[in-house]
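J.: I would like the entire structure built from these sequences, with the hints used as guidance.
There are 2 protein chains.
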Amino acid sequence: MNMHVAVVGATGAVGQLVLRLLEERRFPMQSLRLIASPRSAGQRVPFHDKCLTVEALSPEAFDGVDLAIASTPDDVAGEFVPWAIARGAIVVDESGFHRMRADVPLIVSEVNPQAIAHHRGIIASPNCSTTQLVVCLKPLHDAARVKRVVVATYQAASGAGVAGQRDLRSGTQQALQGSAHDYETFAHPLAFNLIPHIGSAKTAGYTSEELKMVYETHKILGDDSIEICPTCVRVPVSNCHSESIFVECERPLSVEAARQIFAAAPGIQVWDNLSEKHYPMPLNVDGRDDVVVGRIRQDLFNPRALSFWCVSDNLRKGAATNAVQIAELLAAERRVPCAS
Amino acid sequence: MNMHVAVVGATGAVGQLVLRLLEERRFPMQSLRLIASPRSAGQRVPFHDKCLTVEALSPEAFDGVDLAIASTPDDVAGEFVPWAIARGAIVVDESGFHRMRADVPLIVSEVNPQAIAHHRGIIASPNCSTTQLVVCLKPLHDAARVKRVVVATYQAASGAGVAGQRDLRSGTQQALQGSAHDYETFAHPLAFNLIPHIGSAKTAGYTSEELKMVYETHKILGDDSIEICPTCVRVPVSNCHSESIFVECERPLSVEAARQIFAAAPGIQVWDNLSEKHYPMPLNVDGRDDVVVGRIRQDLFNPRALSFWCVSDNLRKGAATNAVQIAELLAAERRVPCAS
Numbered sequence: 001m002n003m004h005v006a007v008v009g010a011t012g013a014v015g016q017l018v019l020r021l022l023e024e025r026r027f028p029m030q031s032l033r034l035i036a037s038p039r040s041a042g043q044r045v046p047f048h049d050k051c052l053t054v055e056a057l058s059p060e061a062f063d064g065v066d067l068a069i070a071s072t073p074d075d076v077a078g079e080f081v082p083w084a085i086a087r088g089a090i091v092v093d094e095s096g097f098h099r100m101r102a103d104v105p106l107i108v109s110e111v112n113p114q115a116i117a118h119h120r121g122i123i124a125s126p127n128c129s130t131t132q133l134v135v136c137l138k139p140l141h142d143a144a145r146v147k148r149v150v151v152a153t154y155q156a157a158s159g160a161g162v163a164g165q166r167d168l169r170s171g172t173q174q175a176l177q178g179s180a181h182d183y184e185t186f187a188h189p190l191a192f193n194l195i196p197h198i199g200s201a202k203t204a205g206y207t208s209e210e211l212k213m214v215y216e217t218h219k220i221l222g223d224d225s226i227e228i229c230p231t232c233v234r235v236p237v238s239n240c241h242s243e244s245i246f247v248e249c250e251r252p253l254s255v256e257a258a259r260q261i262f263a264a265a266p267g268i269q270v271w272d273n274l275s276e277k278h279y280p281m282p283l284n285v286d287g288r289d290d291v292v293v294g295r296i297r298q299d300l301f302n303p304r305a306l307s308f309w310c311v312s313d314n315l316r317k318g319a320a321t322n323a324v325q326i327a328e329l330l331a332a333e334r335r336v337p338c339a340s
Numbered sequence: 001m002n003m004h005v006a007v008v009g010a011t012g013a014v015g016q017l018v019l020r021l022l023e024e025r026r027f028p029m030q031s032l033r034l035i036a037s038p039r040s041a042g043q044r045v046p047f048h049d050k051c052l053t054v055e056a057l058s059p060e061a062f063d064g065v066d067l068a069i070a071s072t073p074d075d076v077a078g079e080f081v082p083w084a085i086a087r088g089a090i091v092v093d094e095s096g097f098h099r100m101r102a103d104v105p106l107i108v109s110e111v112n113p114q115a116i117a118h119h120r121g122i123i124a125s126p127n128c129s130t131t132q133l134v135v136c137l138k139p140l141h142d143a144a145r146v147k148r149v150v151v152a153t154y155q156a157a158s159g160a161g162v163a164g165q166r167d168l169r170s171g172t173q174q175a176l177q178g179s180a181h182d183y184e185t186f187a188h189p190l191a192f193n194l195i196p197h198i199g200s201a202k203t204a205g206y207t208s209e210e211l212k213m214v215y216e217t218h219k220i221l222g223d224d225s226i227e228i229c230p231t232c233v234r235v236p237v238s239n240c241h242s243e244s245i246f247v248e249c250e251r252p253l254s255v256e257a258a259r260q261i262f263a264a265a266p267g268i269q270v271w272d273n274l275s276e277k278h279y280p281m282p283l284n285v286d287g288r289d290d291v292v293v294g295r296i297r298q299d300l301f302n303p304r305a306l307s308f309w310c311v312s313d314n315l316r317k318g319a320a321t322n323a324v325q326i327a328e329l330l331a332a333e334r335r336v337p338c339a340s
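As you go down the protein sequences, you meet chains D and V in turn. All residue numbers in the first sequence are consecutive under the working numbering, ending with 340. All residue numbers in the second sequence are consecutive under the working numbering, ending with 340.
Hints listed in this document are in silico derivations from the structure and should not be mistaken for laboratory results.
Calculated pairs, SDA-like style, for lysine to any residue (alpha carbon to alpha carbon, straight line, at most 20 Å): (1) D:Lys147 - V:Glu227; (2) D:Lys147 - V:Glu250; (3) D:Lys202 - V:Ser275; (4) D:Lys147 - D:Asp224.
Model, not experiment: these values are computed from the prediction.
T.: Right, dumping it as structure tokens:
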């Protein structure tokens with residue numbers, strides 16, 4: 001039953017976390033192969049009590065692999081995924097390259113695990129800002145049917161990888177000394193600033209990051225009728241994305257009901273005591289696998305509308321954790337060919 | 001025609017900026033008196049080519065004053081405003097203490113200057129997060145009637161004054177060294193973090209800051225029917241508040257029409273070219289008196305809804321500039337008693 005597993009992009013921020021999660025969660029494996037760009041090949045990476053050597057990405061790297069968990073840039077995913085599938089591997093792909101293909105399930109493990117059944121060798125994991133949104137929307141949608149969502153994000157530097165976090169740190173050090181930093185990953189200074197632009201400029205004045213929140217949410221919830229208006233903003237936070245979420249439902253939903261719905265939903269923790277100053281923040285959610293919700297309020301004018309604040313570790317649930325959870329679904333459903 | 005003017009809270013972040021604006025804008029004055037808490041009394045503050053000595057706040061400090069521009073904590077305003085009025089002064093009050101009184105006009109100079117006519121010695125200036133919102137809403141409301149607003153704020157440390165900015169700087173220095181900072185002005189660490197809580201816990205799970213955005217906006221626009229759902233968040237930015245604003249109108253409004261309406265509105269600059277990476281951010285709006293709007297988009301599903309991003313220097317238009325503009329309205333309308 002145990003699988004031959006490969007982690008692709010094993011030296012990146014998310015890849016490293018995938019390795020830690022495979023350790024922590026004792027993912028059943030017969031073997032583990034680490035794959036990365038040729039520039040990282042030969043690096044030695046600890047895993048449990050061993051040290052594994054990173055191999056360069058190539059078609060042959062997938063020989064004998066049953067399951068590949070991949071976190072790479074989109075163009076890299078476009079190239080290697082066919083190699084892996086041709087060799088019989090199933091790929092859990094965190095890139096955006098295949099997500100919106102009709103024949104590729106886009107899965108959040110707590111939201112639409114059933115959709116995994118239709119896969120043809122690739123299962124996609126959504127963009128980080130989408131994942132925490134749909135984890136919250138799903139139980140509200142089931143309870144009262146979500147009609148409209150207005151979401152403003154506060155996204156961390158780690159969304160741009162290790163380089164993004166390093167950029168924020170260096171930029172902040174320089175800013176405190178009154179000097180300029182030459183940012184590698186951001187188009188504008190991020191230290192003590194906000195950048196209302198993540199991804200590339202797309203149609204109708206929206207960015208690629210914003211459109212992902214609309215169309216990935218529709219696909220995951222299986223409902224194109226939800227009117228979603230997103231604004232995505234990079235903030236000078238190292239890790240954990242936050243979202244201010246306004247939801248209008250078809251049916252009224254009290255704060256008490258919403259709080260119970262969230263508390264009972266898989267993958268959600270509720271920290272919601274304003275007078276005790278208890279709510280999720282990037283610094284207290286960092287390192288957690290659950291999405292944390294607080295500041296739950298009913299709209300002052302509309303009993304069918306709610307507002308809340310949601311923080312998630314974008315490297316964990318927004319990427320690595322969800323990918324490993326998808327792998328666990330595959331393992332549990334025996335959809336992965338057994339090795340020996 | 002020139003007035004005897006007092007600046008109350010003259011040593012604070014906003015008070016200092018009021019002095020700079022009175023210089024820059026050559027506000028017509030016969031004399032200028034600086035008033036602050038007893039602890040700041042005796043300080044010498046430059047103004048034009050002179051040096052003025054700060055006087056301690058007391059009833060007598062207002063003897064002979066025609067106009068007081070005041071930026072103090074609410075409790076201080078509750079105490080001194082009656083002293084000033086009893087001595088014949090008109091007070092432009094930036095505190096929250098008198099704002100919602102029916103007999104006190106709450107004025108944003110570009111939005112409801114006409115309401116100043118009804119004053120009885122106090123004119124209030126709104127909370128910073130409200131001011132930039134109503135500057136944007138007013139021209140949209142006139143053009144297409146605003147029915148609903150969903151706003152998420154990204155508020156700078158300077159909203160907590162000079163001490164807030166110092167706290168962010170020290171906290172960031174400590175965080176970069178891996179050590180903890182004992183924050184003076186914030187309930188949680190602000191460096192590389194977000195705090196979804198500004199002001200005090202009030203009714204229905206909202207904070208005082210959020211309720212100000214609702215009720216001050218209603219008062220300034222003279223329309224209690226607008227459904228406003230605000231979320232106020234402190235971000236690790238030194239100065240300038242940003243807001244992600246979703247507006248649903250009664251009538252459809254195209255992006256082109258909205259852009260023209262904003263561009264023609266007083267007090268607004270439009271910086272809106274996503275593909276050229278041109279939009280307002282705290283670092284490029286700092287030090288400006290105008291509210292800057294960008295990322296103007298129509299809702300993808302609703303032609304009556306728009307979303308945009310708005311940044312304003314909260315110490316300037318959010319406080320000092322608006323107060324000085326109110327004083328200029330008073331001077332222009334000769335509502336202030338002439339001195340000699």
